[in-house]
Amino acid sequence: DGGITQSPKYLFRKEGQNVTLSCEQNLNHDAMYWYRQDPGQGLRLIYYSQIVNDFQKGDIAEGYSVSREKKESFPLTVTSAQKNPTAFYLCASSILAATGLAGAQETQYFGPGTRLLVL
Amino acid sequence: ELKVEQNPLFLSMQEGKNYTIYCNYSTTSDRLYWYRQDPGKSLESLFVLLSNGAVKQEGRLMASLDTKARLSTLHITAAVHDLSATYFCAVVSYTGANSKLTFGKGITLSVRP
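Quick mapping for you: the protein sequence lines, in order, are chains A and B. Reading the first sequence from the start, the letters are residues 1 to 119 in our numbering. Reading the second sequence from the start, the letters are residues 1 to 113 in our numbering.
If you're looking for bench data, these hints aren't it; they were derived computationally from the structure. C-beta: ideal position from N, C-alpha, C; glycine also. Hints may be right or wrong, so weigh each one.
Think about it this way: if two alpha-carbon atoms lie no more than 25 Å apart in a straight line, the pair counts; the simulated DSS-like pairs of lysine-lysine are [said to hold, decoys possible]:
hint	chain 1	residue 1	chain 2	residue 2
1	B	K105	B	K41
2	A	K83	A	K14
3	A	K71	A	K57
4	A	K9	A	K71
5	A	K9	B	K41
6	A	K57	B	K105
7	B	K105	A	K83
8	A	K83	A	K57
9	A	K9	B	K105
10	B	K105	B	K3
11	B	K3	A	K57
12	B	K3	B	K68
13	B	K68	B	K56
14	B	K56	B	K17
15	B	K56	B	K105
Residues from chain B that keep clear of chain A, each with C-beta distances beyond 10 Å, as calculated [to be verified]:
hint	residue
16	N7
17	L11
18	S12
19	M13
20	K17
21	T20
22	Y22
23	N52
24	V55
25	D66
26	T73
27	H75
28	L83
29	A85
Given these sequences and hints, build the entire structure.
Here you go:
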């Protein structure tokens, strides 16, 4: 089955610790995205990548880092610099549109999410 | 900077009645998406609207787009309990050769008997 997987489902972070959230897709999508969702809020973009070995900061990149070494994988590291990391983290992927503006994307499909909690 | 606003943020609906919710955005865009989120779950894609006057329908939900007014509406016909969820709209913006989505804060719909 094609899809997007995220692991772990729950993650606990101790103060000062870096933690890495996994996101894998077997949909052959070009683009991948990381969002953060706080209770009662919409999604805010952390980082995104439209090709391998390239990624861009989103609206709230501070305290996070990513890599895109393979098309299928886009791990997110929450560093100790992120002082308020408790949130629901969602990974998404999409194909890039064949028509329309350069870089236009088709529908983003989301993984099941990872809940990050601070101990 | 693109801003996406949804209203109302919460709507209590009576079963069997019709309702409309709104999404407006601040700058020109060529794509608007609607997503559904059940409590504690991820997002599920509902509709993509690509052009002025676009209308998409799925079951009791109908979405439309007015790009001149920068407004999308989601119309609910004869609400049923299964439609209780949070509905997000998201709008595409471009920076060079990259594109990203900006989400509204979501509208939580609750259907009561």
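Verification of the supplied hints:
A distance of roughly 16 Å separates the Cα atoms of B:K105 and B:K41; the hinted pair therefore holds under the 25 Å criterion. For the hint pairing A:K83 with A:K14, the CA-to-CA distance comes to about 11 Å; that is within 25 Å, so the pair holds. Between A:K71 and A:K57 the CA atoms are separated by roughly 18 Å; this keeps the pair inside 25 Å, and the hint holds. In summary, the hint linking A:K9 to A:K71 is supported, as the alpha carbons are separated by about 22 Å, within the 25 Å threshold.
Pair hint A:K9 plus B:K41 holds up; C-alpha atoms about 11 Å apart against a cutoff of 25 Å. Taking the CA atoms of A:K57 and B:K105, the gap is about 21 Å. The hint holds against a cut of 25 Å. Only pairs whose Cα atoms come within 25 Å are accepted, and B:K105 paired with A:K83 is accepted, the gap being roughly 23 Å. With a C-alpha separation of about 18 Å, the suggested pairing of A:K83 with A:K57 holds against the 25 Å cut-off.
Taking the CA atoms of A:K9 and B:K105, the gap is near 23 Å; set against the 25 Å cutoff, the hint holds. Our distance criterion of 25 Å between C-alpha atoms is met by B:K105 and B:K3, whose separation comes to about 10 Å. Of the supplied pair hints, the one linking B:K3 and A:K57 holds, its CA atoms being roughly 18 Å apart against a limit of 25 Å. For the suggested pair B:K3 and B:K68, the alpha carbons sit about 16 Å apart, so the restraint of at most 25 Å is met.
Annotation: proposed proximity of B:K68 to B:K56 holds, straight-line Cα distance about 18 Å (limit 25 Å). With a C-alpha separation of about 20 Å, the suggested pairing of B:K56 with B:K17 holds against the 25 Å cut-off. For the proposed pair B:K56 and B:K105, the alpha carbon gap of about 22 Å is at most 25 Å, so the pair holds. Distance check for B:N7 against chain A: the nearest CB is about 13 Å away, which clears 10 Å, and the non-interface claim stands.
Every C-beta of chain A lies more than 10 Å from that of B:L11, the closest at about 15 Å, which supports listing it as non-interface. No Cβ of chain A approaches the Cβ of B:S12 within 10 Å, the least distance being about 16 Å, so the stated non-interface status holds. The Cβ of B:M13 sits about 19 Å from the closest Cβ of chain A, beyond the 10 Å cut-off, so the non-interface label holds. Distance check on B:K17: its Cβ is at least 25 Å (rounded) from any Cβ of chain A, clearing the 10 Å threshold; non-interface status holds.
The claim that B:T20 lies off the interface holds: its Cβ sits roughly 20 Å from the closest Cβ of chain A, which is beyond the 10 Å cut-off. Every Cβ of chain A is farther than 10 Å from the Cβ of B:Y22; the closest lies at roughly 15 Å, confirming the non-interface assignment. Against chain A, the non-interface label of B:N52 holds: every CB pair exceeds 10 Å, the least being about 14 Å. Even its closest Cβ contact with chain A, about 17 Å, leaves B:V55 beyond 10 Å, as expected for a residue assigned away from the interface.
At roughly 19 Å from the closest C-beta of chain A, the C-beta of B:D66 stays outside 10 Å, upholding its exclusion from the interface. Every beta carbon of chain A lies more than 10 Å from that of B:T73, the smallest distance being close to 18 Å; the non-interface claim holds. Here B:H75 stays apart from chain A, with its beta-carbon at least about 21 Å from theirs, past the 10 Å limit. Every beta carbon of chain A lies more than 10 Å from that of B:L83, the smallest distance being close to 19 Å; the non-interface claim holds.
Distance check for B:A85 against chain A: the nearest CB is about 14 Å away, which clears 10 Å, and the non-interface claim stands.
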